[in-house]
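Produce the complete structure using the sequences and hints provided.
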Amino acid sequence: MANAAHAQELAKAPSVITLRGVNKWYGQFHVLSDINLDVKLGEKIVVCGPSGSGKSTLIRCINRLEEHQQGDIVVDGVTLSNDVKNIEAIRREVGMVFQSFNLFPHLTILENLTLAPIWVKKMPKKDAEEVAMGLLKRVRIPEQASKYPGQLSGGQQQRVAIARALCMRPKIMLFDEPTSALDPEMVKEVLDVMIELAREGMTMICVTHEMGFARAVADRVIFMDRGEIVEQNEPEEFFAHPKNERTKLFLGQILH
Amino acid sequence: MTDMPVGERRQLAPPAVDTGAFGWVRKNLFSSWGNGLTTIVLALAFGWLLSWFLHWALFTATFSAATGAECRGGGACWALIREKYRYIFFGSFPYEQHWRPLFAVIAMLAMLILSSDRRMWNKRLLLIWGVGSFVTFLLMFGQIHIPLGLILFVALAVGGLGMILRGTLGTAAEVNGWRALAAIGAVGLVLRLFGVLPSWSLAIAPLSYVETGLWGGLPVTLILATYGLLFAFPFGILLALGRRSNLPLIKGLCVGFIELIRGVPLISLLIMASVMLPLFLPSGTTIDKFLRAQVAVILFAGAYIAEVIRGGLQSLPKGQFEAADAMGLNYPQKTLLIILPQALRVVIPPLINTFIGFFKDTSLVLIIGIFDFLNTANQALVDPNWAGFPGEVYLFAAFVYFCFCFSMSRYSKHLEIELNKGTRR
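Keeping their order, the protein sequence lines are chains A and B.
For the first sequence, the numbering used here begins at 1 and goes up steadily by one.
For the second sequence, the numbering used here begins at 257 and goes up steadily by one.
Hints in this document: simulated from the structure, not taken from any laboratory.
Remember, predicted model here, so these are calculated numbers, not experimental data.
Among these hints, one or two may not hold up.
Cut-off 20 angstroms, straight-line C-alpha distance, at most; resulting in silico cross-link-like pairs (SDA-like, lysine to any residue) [said to hold, decoys possible]:
1. B:K677 with A:L152
2. A:K40 with A:S15
3. B:K590 with A:V120
4. B:K590 with A:D83
5. A:K147 with A:P105
6. A:K147 with B:Q598
7. A:K122 with B:K590
8. B:K677 with A:L110
9. A:K85 with B:Q598
10. B:K574 with A:Q99
11. A:K122 with B:P588
Written as structure tokens, this is what we have:
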């Protein structure tokens, strides 16, 4: 992916997410310090770093699941503020996939998918179900549509969660450690869906330690430590020649 | 054995000693000398109690007698129940009109049974409760006068609700219908306030009027419990949500209300409603005693139900709230579609527990002189002709209460299974 033509194309593309001097504290703990980040339309970013480095908090700030205290976050031209209308507008454009799936256990798979299109986008039920079935086919589990989440395996649940986020036709997808809660044999089926999504041109920010995934699709890998962006580069350079000592230490620990 | 496909494990039947009735008895009742002895002793004790009770309640009982004197000497005096059952069930309601509370009770039971079926949980429920309540109260009161102001207010409220709920979903004609209804209500209400429209009320009066002071017995218990819990339930939900609100004022009000109400006995609340409330009202205005008791029950039950529901809200993982937020659902959507359906499922057992408690607690209204079922049963003992048989009357009252409470308990179990079908986590 990271060939020269593609890189040039990206450089010309408009930014869909801009973070300027973002700071956040949990009480006294400085969890994000002076984050600056531009995400281009169609760009795929992988965020990695040791636990507690603030990478989940960073992407959760983008759709306001967490509130930042300083700096500006602009998503798709809308500046995040306390205005509920702004927040809801951004959440309609940003899909999110969680580590623990967070499917709604009292609704069937199909109802999980159609809920937001029907209630947030006011889509007629029939159309929403059509879209949902199409997406379930894409994540390769259309036969599970009438089951409940508790009857599916972890990998299947996570694929449903991806389809659920896609149902809103988002411009941007955020992935918060989507494979960390999965049994090893199920990681691949989820990553395959994500790779496919990336190839289709979705703008993605993905917190993950799956370095194979980063090599396959990422335009940029970002390494975070202690609330800062320590280093960022295209994947080949990032893995082959890490510059910062902390990056080297981290990569040494996870790549063996 | 020989027909087994390769690689399939052979499934053996469990040993015969552990199955069947004999196996069960051996395993559960006579598994050791000690257990066997305990089983025999308890069975003998139970048999002795049962034979004593049957002797008293059936074999030597008197089933018909003219006065209490004829009952003496034998076993249970069921003749007393036979003599007094109409008073116990319907209290001081005019004797020749007893068919009215009877049918009111039947209407309420029908309403409750119909709404216990999950297939009815849609718009039909509104219809069932609207018609059922109207029939119940028309039978009990005999006459209902609806003032014009109330009719106009209802038109405004229904029209307004229709506009809000169907505003984006309904067809243009439908939405205009709701608008017209709301407009008629609003204009009419203003005209009525300025005295342009005369004071008038819609009178539905097919029967003789019976004031609430004469109501008694089972209909009173059922009305207090059913409508008490019917209104307390949504009120409790609002209190529970309010208690978790981020807005300090709302949170403070809800916490204050819940703690205040939970901190005082129901009896003191009833006495306050009956003795102190009239002191604060301008002289000349009275609020019906029955209504005051009903409101006190609603407030009291609301506070308890709120705490039960809060338990359910807290049991939900944070991820459910976050997922709903991330999808762009607003607060009412998130609450109604994601949070409450899950939270209420979790709290069915403690919720029904609270309901059963309040069904029985309604008998505390005897403190302010309302004759509920237990109180009419109590009053039936006062007759000097039938003095001396409290056991029979209380046993009978206990049996009726048990029928209601046990039904609720079984329903709770059924509902748990029904709602958790396919959603095991």
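What hint numbers does the structure not satisfy?
Going through the list in order, the structure violates hint 9 alone and respects the others.
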